[in-house]
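K.L.:
Chains as they are written, first to last, in my numbering: chain A, 5 to 149; chain B, 5 to 149; chain C, 13 to 94; chain D, 13 to 94.
Hint data in this document are derived by calculation from the structure and do not stem from the laboratory.
Wrong hints could be hidden among the right ones.
[Stated by the list, open to error] Pairwise CB distance ranges, derived in the manner of DEER restraints:
{"#": "1", "chain 1": "B", "residue 1": "Asp140", "chain 2": "C", "residue 2": "Ala77", "range": "20 to 26 Å"}
{"#": "2", "chain 1": "C", "residue 1": "Arg83", "chain 2": "B", "residue 2": "Arg86", "range": "26 to 32 Å"}
{"#": "3", "chain 1": "A", "residue 1": "Gly90", "chain 2": "C", "residue 2": "Ala59", "range": "55 to 61 Å"}
{"#": "4", "chain 1": "C", "residue 1": "Asp42", "chain 2": "B", "residue 2": "Arg86", "range": "33 to 39 Å"}
{"#": "5", "chain 1": "B", "residue 1": "Met70", "chain 2": "A", "residue 2": "Val136", "range": "26 to 32 Å"}
{"#": "6", "chain 1": "D", "residue 1": "Thr35", "chain 2": "B", "residue 2": "Lys147", "range": "54 to 60 Å"}
[As the list claims (entries may be wrong)] Non-contacting residues of chain D with respect to chain A, defined by C-beta distances greater than 12 Å in every case (computed):
{"#": "7", "residue": "Leu28"}
{"#": "8", "residue": "Asp36"}
{"#": "9", "residue": "Lys49"}
{"#": "10", "residue": "Asp76"}
Note that beta-carbon positions come from the ideal geometry of N, C-alpha and C, so glycine has one too.
Each chain, written out:
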Amino acid sequence: MRVAVQSAPFDPGAEVQAFTAGAAGAGAVVTFTGILRPDGGLTGMEIEHYHGMTEKAITGIVAEAMARWSLIDALVIHRHGRLAPGQAIMMVATASPHRGDAFAAAEFLMDYLKSRAPFWKKEIGAVGEAWVAAKDTDEDALKRW
Amino acid sequence: MRVAVQSAPFDPGAEVQAFTAGAAGAGAVVTFTGILRPDGGLTGMEIEHYHGMTEKAITGIVAEAMARWSLIDALVIHRHGRLAPGQAIMMVATASPHRGDAFAAAEFLMDYLKSRAPFWKKEIGAVGEAWVAAKDTDEDALKRW
Amino acid sequence: MIDILYFAWVRERIGLPRERLETDAVTVADLINQLRKREERYAAAFADLTALRVALDQELADFDAPLAGVREVAFFPPMTGG
Amino acid sequence: MIDILYFAWVRERIGLPRERLETDAVTVADLINQLRKREERYAAAFADLTALRVALDQELADFDAPLAGVREVAFFPPMTGG
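The shape of chain A in the complex, shown without the other chains:
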């Protein structure tokens, strides 16, 4: 497994390529990429994170996914700092012998990263800045696991 918390941009295509090539024996690879949408005059995003806890929390979430599903490998990349619209915010990838496990684990990782990894997003627009509010639906999403 690999967990990367980084300020540098990354290329989802290159990451998928490397992850797929490295997942020998996998029959199914699922990837999710979250991208900063250029909505309503958004000029950027600033992602604050809790250095130290972030890596620990994500590693714990990935370890739980590997314990719950039959996974050959898993990858989480999450950016912090300043992002431009259209850039990838984060990605997860899962490799499994079976498609059901790869899908379930990827959705589990996403749901937990949303609400249990210490990141805070601030949207930056032409007229000001605003912290993104957590959604009740994101917290509710954890209940299905």
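Go by the hints and put chains B, C and D onto chain A.
P.N.:
Just chains B, C and D now, kept in the frame of chain A:
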């Protein structure tokens, strides 16, 4: 949307890169890649398909996904002919403003491709060949949609 | 005249990928009964209809579907794509 | 001595990212009450605990959790990763 039914191998990483780059306005991209696992002495796979109906059936399934979920774009690539272990059999990709839609549509596409796209897989091993049997669980998977 | 296509083990059992027939069959089931009577290999291929699927002009159909206007009938086992 | 960290709007409201305190607080709730009394900006930041989360030594915890042995307390709003 793009549907490609082809005998030539493809590079999942390059496809994800191109798909993600082309999906302007997407906040979420989900990809699934099915890979031929080198299980128990498998030396290859031969995929037969119904030329004409295959393209029509997949296009119909993708159109239904685009109607049911908020999708910006969708991609299906499926190989036919002879495959070597470790090669990608097929991939789907979905791009949406929302992660829930991207995941649901990708799983829907996979479930329908399994049981409603006219492909037939034959496993080729050192000691012989055998048609892959359809699984009841694959047929059951359609009922959730 | 109607084109009949066979795929996967149906093709292997019957021994050819497609053929052209003159038939007065009204439904798919009628056509299957006519084919069964032709030769043992057809009877074997069509022995268990639960193991078969049919498409009419490249759309999945039921065995009781009418053949009127249909130009292409395909028989095959349950699909294993993905 | 305990390190206290603030993130996102909690950090902005209090005006600093971290500080070091001598405290005899037994639980997180005790510590919050002590902080509230210090200055208006603390009272404002800790006005609504349902809008806050706490981590003790980088693990999520409840407000009634004991502080014995804890070296790092962090306060922040609900997380918005992913």
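K.L.:
If a hint holds in the structure, say so; if it does not, say that too.
P.N.:
Outcome of the hint check:
1. For the pair B/Asp140 and C/Ala77, the beta carbons lie near 24 Å from each other, so the given range of 20 to 26 Å is met.
2. Between C/Arg83 and B/Arg86 the beta carbon distance is about 31 Å. The supplied range of 26 to 32 Å therefore holds.
3. Separated by about 58 Å at the C-beta atoms, A/Gly90 and C/Ala59 satisfy the suggested range of 55 to 61 Å.
4. Checked against the hint of 33 to 39 Å, the C-beta distance between C/Asp42 and B/Arg86 comes to roughly 38 Å, which is consistent with it.
5. Distance hint for B/Met70 and A/Val136: a CB-CB separation of about 28 Å, consistent with the stated range 26 to 32 Å.
6. Take D/Thr35 and B/Lys147: their Cβ atoms lie about 58 Å apart, and the range 54 to 60 Å holds.
7. Look at D/Leu28: its CB is around 14 Å from the nearest CB on chain A, clear of 12 Å, so calling it non-interface holds up.
8. Annotated as non-interface, D/Asp36 keeps its C-beta farther than 12 Å from every C-beta of chain A; the closest such distance is 25 Å.
9. At the 12 Å boundary, the C-beta of D/Lys49 stays outside the reach of chain A, the nearest C-beta of that chain being 26 Å off.
10. Distance to chain A confirms D/Asp76 as a non-interface residue, since its nearest Cβ pair spans about 20 Å, more than 12 Å.
The structure fails none of the hints (numbered hints given earlier).
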